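Peer 1: Listed here are the chains, written in short residue letters.
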Amino acid sequence: MEKNREIRLEKILHGGDYNPEQWLDSPEILERDLELFLKADINVVTVGMFSWSLLEPEEGKYQIDWLLHIIDRMYQNEIYTILGTPSGARPQWLAKCYPEVLRVNEKRERNLFGGRHNHCYTSPAYRQKVREINFFLAKELGNHPGVLLFHLSNEYGGDCHCPLCQEKFRSWLKKRYGTIEELNRRWNTTFWSHTYQCFEQIESPSSIGEMHLHALNLDWKRFVTAQTVDFALQEKKAIRDAGCQKPFTTNFMGDYDGLNYRKFKEVIDIASWDSYPQWHSKPEPQTALETAFMHDFMRTLLKKPFLLMESSPSSTNWQEVSKLRKPGMLHAASLQAIAHGSDSVLYFQMRQSQGASEKFHGAVIDHYAGEDTRVYREVCQVGETLAGLSELAGTIQKPKAAILYDTENRWALMDAQGPRNVGLPYNETAQKLYGGLRRLGIDLDVIDMEDSLEDYRIVLIPMLYLFRAGIEDKIKFFVENGGIAVMTFWSGIVDETDACFLKGTPGNLTDVFGLRQMEMDGLYDKEENTALPIEGNSLSFKRSYTCQKLCELVKVSDAKVLMTYEKDFYKGLPVLTCNQYGKGKAYYICADMEQAFYDDLLEAIQKEANLEKPLSYIPKGVEVTTRESDEAIYLIIQNFNPDSVDMTLPLQEYTIIYGENTQKLAGFATVVLKKMKQ
Amino acid sequence: MEKNREIRLEKILHGGDYNPEQWLDSPEILERDLELFLKADINVVTVGMFSWSLLEPEEGKYQIDWLLHIIDRMYQNEIYTILGTPSGARPQWLAKCYPEVLRVNEKRERNLFGGRHNHCYTSPAYRQKVREINFFLAKELGNHPGVLLFHLSNEYGGDCHCPLCQEKFRSWLKKRYGTIEELNRRWNTTFWSHTYQCFEQIESPSSIGEMHLHALNLDWKRFVTAQTVDFALQEKKAIRDAGCQKPFTTNFMGDYDGLNYRKFKEVIDIASWDSYPQWHSKPEPQTALETAFMHDFMRTLLKKPFLLMESSPSSTNWQEVSKLRKPGMLHAASLQAIAHGSDSVLYFQMRQSQGASEKFHGAVIDHYAGEDTRVYREVCQVGETLAGLSELAGTIQKPKAAILYDTENRWALMDAQGPRNVGLPYNETAQKLYGGLRRLGIDLDVIDMEDSLEDYRIVLIPMLYLFRAGIEDKIKFFVENGGIAVMTFWSGIVDETDACFLKGTPGNLTDVFGLRQMEMDGLYDKEENTALPIEGNSLSFKRSYTCQKLCELVKVSDAKVLMTYEKDFYKGLPVLTCNQYGKGKAYYICADMEQAFYDDLLEAIQKEANLEKPLSYIPKGVEVTTRESDEAIYLIIQNFNPDSVDMTLPLQEYTIIYGENTQKLAGFATVVLKKMKQ
Amino acid sequence: MEKNREIRLEKILHGGDYNPEQWLDSPEILERDLELFLKADINVVTVGMFSWSLLEPEEGKYQIDWLLHIIDRMYQNEIYTILGTPSGARPQWLAKCYPEVLRVNEKRERNLFGGRHNHCYTSPAYRQKVREINFFLAKELGNHPGVLLFHLSNEYGGDCHCPLCQEKFRSWLKKRYGTIEELNRRWNTTFWSHTYQCFEQIESPSSIGEMHLHALNLDWKRFVTAQTVDFALQEKKAIRDAGCQKPFTTNFMGDYDGLNYRKFKEVIDIASWDSYPQWHSKPEPQTALETAFMHDFMRTLLKKPFLLMESSPSSTNWQEVSKLRKPGMLHAASLQAIAHGSDSVLYFQMRQSQGASEKFHGAVIDHYAGEDTRVYREVCQVGETLAGLSELAGTIQKPKAAILYDTENRWALMDAQGPRNVGLPYNETAQKLYGGLRRLGIDLDVIDMEDSLEDYRIVLIPMLYLFRAGIEDKIKFFVENGGIAVMTFWSGIVDETDACFLKGTPGNLTDVFGLRQMEMDGLYDKEENTALPIEGNSLSFKRSYTCQKLCELVKVSDAKVLMTYEKDFYKGLPVLTCNQYGKGKAYYICADMEQAFYDDLLEAIQKEANLEKPLSYIPKGVEVTTRESDEAIYLIIQNFNPDSVDMTLPLQEYTIIYGENTQKLAGFATVVLKKMKQ
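Protein chains in written order, with our numbering: chain A, 211 to 888; chain B, 211 to 888; chain C, 211 to 888.
Next comes chain A alone, as it looks inside the complex (with noise of 0.2 Å):
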């Protein structure tokens, strides 16, 4: 595994998506788009992602000159490349010479050529023809110093079942196994008789064959990930093979279910990810606490910047209902994005496609291309910002506390049958937890269960239903050198190949949280519980919280109780738990809470923790965030509510780098302020 490169900038990266290959005869519509690129701080463009007809027309024959045209024309102008691999669009010529490279769905049924991504990972044809058109670009661009990073295809994703999927899947298994024998055992297979007798009979998962043999359907998704990990590799390897060093990005999709994109980490030298929230569907501080923990997940993947490498500069158009962001709402979420890490702010699109799919969706310059455009004037407005931040490019965030949220932990949770089928609340969990630390200003990492938990003081632990990784034993450590876990319900029930623990759970911990789960209730939507302070709790806690849900049925060894429940038959049973183990706390919450409850619980962890906060007081709804380079800290200070809060700057301490400075800030504004390191 080669070492991460480095792009290494003076200035934030303001631009995005370019498609100059819709427009190739017109070319007074490329002069004006350079003419407004320019007028806006573009510095910039992502091209050739959806060109390879284009660069192919027909087998082995290419047409680069276009595009070195463009490449040239942009660095003449200060703009730099990023350069797509166009491996997530084969032309038609393809699939029809090669038809294995179109995927096979989980019926089993090939695709007909149509839409994008629609092709076998597995397939040696494509490998191959990707692989020369990567070495083609590679070659005939890479080394070219406008060209700044390689984008490995675009949006990896879904699965195919053909059967040249089926055979790399056995093998896959057969690695990880060893004996068919082995596999049964941890598969369980014994259960309604699915012993397999060799590798040979294992099928993916389908809707007309096996969906209900858990452990299959998490290792598939597994062999998936692994496959175009794989795959990706292949593409990286054919641009190294050209002789190009250039670094390596791809882009996720903030929430994707069906890759873990942890194990991209030896693909990339970045991350990037694209950025689409509903703003204005939710309450603006809820819908920015949700993108937060995206923009966290990415920045956690390497533990350094990374780059925003999508977004809207107005509304999308494959939402239910296409809502135009307003005015301030862009600059916002741009600057999000910089306080969480990114060292860039992208959008899908720079202009808009005459036709097809996408020819609505929000761009910096639209059909008509005039000026006089709101978004125009808005985006121009982001490049005028983000030149004046370029010092926060490369700076780092350092966080003293993180969050467990685990790809393989979401995918066997909401496969499984258990307490509540529909409306498992993972990710709104997930969320509160987050949302609870991050509303006293303080940063956190989003960590899987790969990851070590030694430079945090508290660990969030929402919903881990499946332990893998040894999470038991880095939990164990954590607390028992000081650290604080607070873990959540439905946590610690099965092992990595989603076999339930035998001997008590959560397992293997319920001596390190002084408990063992023993019931689970699922309750219907119209229901709720109560959770009740104990009389001198030692959190102080007075107020009561409402529980939706699910409420679980703990009980407590060693731990003490600080809540209980209201009503039903389990009133009186433990609702928060805490116990001492070794120097450190493993706080136990049994119940899917509101979050005013997260809320006090986790303000009172800090103050336990003794974690600082960047201010003593932060308004609902306003952002503190921090970024650190060797010499200065900066504090971004983004208010996400419509209207005005009151607010006093900490301006003994720091100074304004951007924004105003006043006693009101303006709904929407961003004010970042900086300090010198002693």
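Possibly wrong hints are sitting among the right ones.
Claimed, not checked - To be clear about the criterion: a stretch of chain B counts as covered by chain C if any three or more of its residues have a C-beta under 8 Å from a C-beta of chain C, and this derived list gives those stretches: (1) 264-271; (2) 290-303; (3) 321-329; (4) 518-532; (5) 556-570; (6) 578-590.
Claimed, not checked - Just a sample of chain C residues kept apart from chain A, beta carbon distances all over 12 Å, derived: (7) K456; (8) M463; (9) G604; (10) D665; (11) F687; (12) G782; (13) E818; (14) L821.
Worth flagging that the hints you see were computed from the coordinates, not collected in a lab. What you are looking at is a predicted structure, and each value in this text was computed from that prediction instead of being measured. We put the CB at the ideal spot given by N, CA and C, even for glycine.
Please arrange chains B and C on chain A, whose structure you already have, making use of the hints.
Peer 2: Just chains B and C now, with coordinates in the frame of chain A:
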């Protein structure tokens, strides 16, 4: 293209679909039917539609005596026959011998035998077999004096994706675009690298292939219409070739989305349709309005009287709830068809079948076949009324207003990924505009972009997203010469291959309307805005109106602003504008408005246009319609409220030829007035 | 047809499904299981159902020692074994070697291996392999004294559309109808020109073929039942051929729509079923009523005690929300089965599996296997109670009332396109009628049209759309001879091949009920009407009741009208009528009425019929049931309210054999009383 043939009758047709082939073994039932027909003033029946199995029980072996006998029998009793061709449901042997006749769905699965309409319109085998049976029927029965009209197939519809259709689609495209390069350009296939290298690569849209190339989707729908028309022409040719010169019709399905019925002008001599409104689910006046719109659509097709081909004398049996029609409803609904230009009231069905899926569908004669049923008595009453209104047969309407409601526009509009991907209010907006004039008693044509605007003083243009057939020039010419155009938001966005206009929208009409569209805001269902009148606006509007779903933001050049948004960031931007252009006026409505807005606007515009109203005052829920002959003018007044309304009839000018002379028009009552032309 | 064999036990069975094959490598777990079984008074386990892979790991190579060992072990500890045949889940090798055994779905796609019940019941290969394993099992274990009963397969269900099944279906039809002409006539295939020329043209219903030929749909369902019964008989034969004479059962799925369980009378010696009510989602008394209905259905099958084969000792894991049962609920639900004639309380499952899809389904022993779980303690309590009620085993019920609830009627009724195509209240109406008598403590049989009416004084007939098996004559004879029939709307519409009666409906019973059905109004969900009492009606009804969903309009000949509609155009038409016919009475209910109507009506009718109530007063939510032996009568009183109710026990006549002597019956409490017969 042969000239339309006329059916000239001295009376209004009354009758419907009749399936005597189901009862050939029970002559007493056929006897009873005739007896009941005569008592109910039935003068026409439609037969033969689903008789193929009986007409040709084995390939090439025909039996026709039973049908000839029926036609004779009816004719002897002064009942005409409409003769259906049996292509809507093929016999089992045909599907077994020629599997290619069975339809292939969009997932490329060939259907089994079953249902109706389950055949490929392209298949040479099917065309040949249909030709043979049609030829035979026409030869044997076509010139029978009792046969009034040929009815082609039944409710043409659906599409087929078999290899034969694919091939035909490709030649159709080749003919349309000439070269693959031109097709690529017009379809914007550079997007997502979809460039076709040759026509052979083109596949019809499919959920396992391409779904998002909107120009492909649109052309596929056009092709399906073209191919269906071609099939219908072949059906017709067989009959002409057999020496029969009778006129033709085929029954349309109202608002059916799968076909552009306007392309059938060369197929039919008289338009006809099947009307199944869900009476009593909404307030009756609203259902009446929606039904009237479709009647006018059908009348406008050939701009002459049409036929109401099917309607239920009672409930249907395929809606979620089969609601009975309340007393009087059948009579009112039947006369509404006449009011809007129908020369018939026909039912599906004359007698309920004993088994299979339509045995509980309403019928003139039910399983018991008693005369004491409410339905039968109400049918008799309709028959009596129609017999008294014979002079209306052949009279016409001459509207001075029209609404542009274009099927190809609807296809493109609803398929686009745009400002709202659910609940785009196309039909609703059309109906609101239409209703605004209709409540004044003003008749409208329902035209499409291929029609001329010459005859009109007011043209209503709801959501005309796609421009084709030179509509821009027609609108410009129309306004320049004194017409009043009323256009709404989301008009003039794309050209006929769904490619966006680049030089400002509404495309090529920014000068006529004096504005340019800038942005479109999709509102969530819970959201709304308000339109406020500008002080001293030219229409003297005083009140405010609610906007929902879509709010367009425009930049006015020459237009006068009449109303503005009350709130959101576009507070103060125009909601309603008017531009004087040449001798006419061009109104533009920016948002999805409530009905009251359209009512008030169109009342004002009607005055501005000096369009004469038939009555000075029309109560809410009352429909007033005009038919005329060379000699006389008829006014049909219908109360669609369940309760009576106060109403003064204009008896100085008119005389009553049907209905009561009263100051109170009873619920569901109809009055027909007549005055002679000077 | 062999005579039913009896299992005569001196005790009530307590136990359930046990899968020791999952734990053969962990003898300490099997040890622990036994220990826990004994403490909980477990006396029977069901094994072998999903063991095929282990019993025959390769074709023809059997291993049985492990199972023999389990049976021995259990028997030594006085625990019986119910031995399952393994046909419900075939091994992988079988599907690979004989692909024909995999099921083909209605779209004609052959399944992959996976799930359960994924096999063709027709396949000769599957039948042969099942025969071999059954024969082997029976030979080796069938005469073991510990084996109490053979359990055929598991939850037979589903259908297969493979070519083998198509062929079988055609011969089944040929046998049923003789000639294709007769089939055409009975199926009314002239409709839509569907006439079959030969049996070979017939295909099972399919969404890509024929869906709307209702007689085809109905006969397909009949065939599926016939073929499943035939398969089960083959299974049984293999066991008999091996020389085993033990009795048989198979577990039914309550209200499962796919099979007509009454056709299994010749297969089973004792009926058994799997009961999974969703306790705590509705008010408990309502859930209790619905469950009681199914218990009575099962008891009526062979008119002798049945077995509760599966029930969850805690929550299930396949409903949307997995709700825990509140304390006492398990006990009450278990005794309810006994009250309605079960001789067992069996659970799914004895121990939770470690992996796969049912690992979180409730079980007697959970993953931790502690004795301190609430569920285990409650199971022990049930065990103790059952041990004390041994004398109830083998006692029976002798109802004087019955409700006609016919599976074939349901198939036809729900498939028809009729007055309401959503929400047709068949089960609801049946339960309301049933509940009206049950709340008086009167036991009912749940019979179908093939049953005799001879033993009853009252017969309830909800929505008997389809008449077959001479039901008209039975009803006529029943009423003539003094019975009281209570029939509802939408009865007697079609004959057994879904063809409408032509001479007035209810078919052949217009004289018995003294009326003719005229029209049926479907009401929208928001609509309702009211039934008003006629002054001086024979039942002395004073109040009015709400009608919803369906209102039938009838024309009375001889019947007396008791209630009429309050509004709509059918105001004044009958809602409730009564016709004296012979020595009996025929009540007819025209509309979908609220429960209170049924309660009041049936209380009046019970008095009229002089049907004895077991108690003079029964509080709401309390169930009273009677079982009897030759010597004694047992009264089971259960309070299904969560709270206690006032209740005086009839202790002059009865003695308490279980439960507390109290004036207040606690929530979910049960009392069992006994009196000796004179």
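Peer 1: Confirm or reject each hint.
Peer 2: Status of the hints after comparison with the structure:
{"no.": "1", "hint": "264-271", "verdict": "holds (count 3)"}
{"no.": "2", "hint": "290-303", "verdict": "holds (count 6)"}
{"no.": "3", "hint": "321-329", "verdict": "holds (count 6)"}
{"no.": "4", "hint": "518-532", "verdict": "holds (count 8)"}
{"no.": "5", "hint": "556-570", "verdict": "holds (count 9)"}
{"no.": "6", "hint": "578-590", "verdict": "holds (count 6)"}
{"no.": "7", "hint": "K456", "verdict": "23 Å, holds"}
{"no.": "8", "hint": "M463", "verdict": "17 Å, holds"}
{"no.": "9", "hint": "G604", "verdict": "35 Å, holds"}
{"no.": "10", "hint": "D665", "verdict": "42 Å, holds"}
{"no.": "11", "hint": "F687", "verdict": "48 Å, holds"}
{"no.": "12", "hint": "G782", "verdict": "41 Å, holds"}
{"no.": "13", "hint": "E818", "verdict": "42 Å, holds"}
{"no.": "14", "hint": "L821", "verdict": "39 Å, holds"}
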